[in-house]
Amino acid sequence: MASTSSSKNPSLESNINSYYENWLITLQNFLEKLNAISNSNYNDDDEEENSSCSSELVMQVLDHFQNYYREIFKSTNRDVFLLISPPWYTSLEKTFVWMAGFKPSTLFSTINYSIGSELTTKQAEDLKKLKAEIKREEKIIEKGMAKVQERVATPPIFEVMRRGGMLIDGEVSNLESVIDGFKQSMMSIIETAEHLRGSTVRKMLDILRQNQAIKLLAAVAEFHL
1 MASTSSSKNP
11 SLESNINSYY
21 ENWLITLQNF
31 LEKLNAISNS
41 NYNDDDEEEN
51 SSCSSELVMQ
61 VLDHFQNYYR
71 EIFKSTNRDV
81 FLLISPPWYT
91 SLEKTFVWMA
101 GFKPSTLFST
111 INYSIGSELT
121 TKQAEDLKKL
131 KAEIKREEKI
141 IEKGMAKVQE
151 RVATPPIFEV
161 MRRGGMLIDG
171 EVSNLESVID
181 GFKQSMMSII
191 ETAEHLRGST
201 VRKMLDILRQ
211 NQAIKLLAAV
221 AEFHL
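Residue numbers (the UniProt record's numbering): 1 to 225.
Be aware that a few hints might be false.
Listed next, the in silico SDA-like pairs over lysine to any residue satisfying Cα-Cα at most 20 Å (straight line) [to be verified]:
| # | residue 1 | residue 2 |
| --- | --- | --- |
| 1 | K94 | G181 |
| 2 | K94 | D79 |
| 3 | K203 | Q66 |
| 4 | K143 | S188 |
| 5 | K131 | S199 |
| 6 | K183 | R151 |
| 7 | K94 | L205 |
| 8 | K135 | L205 |
| 9 | K143 | L205 |
| 10 | K74 | L12 |
| 11 | K94 | H224 |
| 12 | K183 | Q149 |
| 13 | K203 | E56 |
| 14 | K74 | E56 |
| 15 | K94 | E142 |
| 16 | K131 | G116 |
| 17 | K139 | V97 |
| 18 | K183 | V97 |
| 19 | K74 | Y19 |
| 20 | K129 | T106 |
| 21 | K147 | E137 |
| 22 | K128 | N112 |
| 23 | K128 | L196 |
| 24 | K203 | Q123 |
| 25 | K74 | L205 |
Cβ pair distances, simulated, as ranges [unchecked claim]:
| # | residue 1 | residue 2 | range |
| --- | --- | --- | --- |
| 26 | S55 | Q149 | 40 to 48 Å |
| 27 | Q149 | H195 | 27 to 35 Å |
| 28 | Y69 | N112 | 20 to 28 Å |
Worth flagging that the hints you see were computed from the coordinates, not collected in a lab. We put the beta carbon where it would ideally sit given N, CA and C, even for glycine.
With the hints as constraints, model all of the structure from the sequences given.
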């Protein structure tokens with residue numbers, strides 16, 4: 001059968017493993033800084049004084065997560081099969097992967113247990129509306145991915161699978177073309193999911209106060225670690 005770029009590549013996986021381990025170490029350092037601010041006498045009265053420091057830290061943490069996705073996309077040459085099942089993840093980590101990353105709606109559960117008791121009525125209402133919006137977007141993405149995956153059961157892929165992977169003369173180039181189109185369609189959906197992840201975080205932070213954002217990011221980092 002036609003080869004794909006998702007074939008085992010020890011050098012690639014080793015490089016990504018090394019990057020991921022260092023990324024986690026940096027995340028641990030950020031968590032300590034987030035907890036230091038969260039556990040300090042930080043309240044609305046001195047928010048202006050602490051705003052510059054905390055805002056900078058929030059941006060650094062967000063950039064750290066964004067850099068991870070940017071680096072992984074680059075290192076894997078945007079290989080969709082590696083992205084949806086990262087070999088550098090543990091089996092447990094893989095169970096949380098949704099479209100090559102985290103599922104945006106899971107952040108609402110993190111909000112509930114990290115700062116749920118601190119939310120104002122207005123914030124709770126805004127977050128409820130945002131959650132409904134995000135859930136709708138997730139369903140659209142999932143339906144799109146399901147339609148793409150259904151194409152596996154159509155010719156010529158299905159015919160080759162039925163023959164146990166045996167190729168007939170002239171099928172190689174046609175099959176490779178179909179697989180490339182299949183991967184491009186999946187990547188397009190993953191990019192849409194990535195956009196949704198980013199917009200979800202931005203909209204959440206627009207609703208939350210600075211000290212709440214600090215606590216939320218600390219909870220997210222702790223959960224990831």
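Consistency of the hints with the structure:
no., hint, verdict
1, K94 with G181, "violated (25 Å)"
2, K94 with D79, "holds (16 Å)"
3, K203 with Q66, "holds (16 Å)"
4, K143 with S188, "holds (13 Å)"
5, K131 with S199, "holds (12 Å)"
6, K183 with R151, "holds (11 Å)"
7, K94 with L205, "violated (27 Å)"
8, K135 with L205, "holds (18 Å)"
9, K143 with L205, "violated (28 Å)"
10, K74 with L12, "holds (11 Å)"
11, K94 with H224, "holds (12 Å)"
12, K183 with Q149, "holds (10 Å)"
13, K203 with E56, "holds (18 Å)"
14, K74 with E56, "violated (26 Å)"
15, K94 with E142, "holds (17 Å)"
16, K131 with G116, "holds (14 Å)"
17, K139 with V97, "holds (16 Å)"
18, K183 with V97, "holds (18 Å)"
19, K74 with Y19, "holds (12 Å)"
20, K129 with T106, "holds (15 Å)"
21, K147 with E137, "holds (16 Å)"
22, K128 with N112, "holds (11 Å)"
23, K128 with L196, "holds (17 Å)"
24, K203 with Q123, "holds (12 Å)"
25, K74 with L205, "violated (27 Å)"
26, S55 with Q149: 40 to 48 Å, "holds (42 Å)"
27, Q149 with H195: 27 to 35 Å, "violated (20 Å)"
28, Y69 with N112: 20 to 28 Å, "holds (25 Å)"
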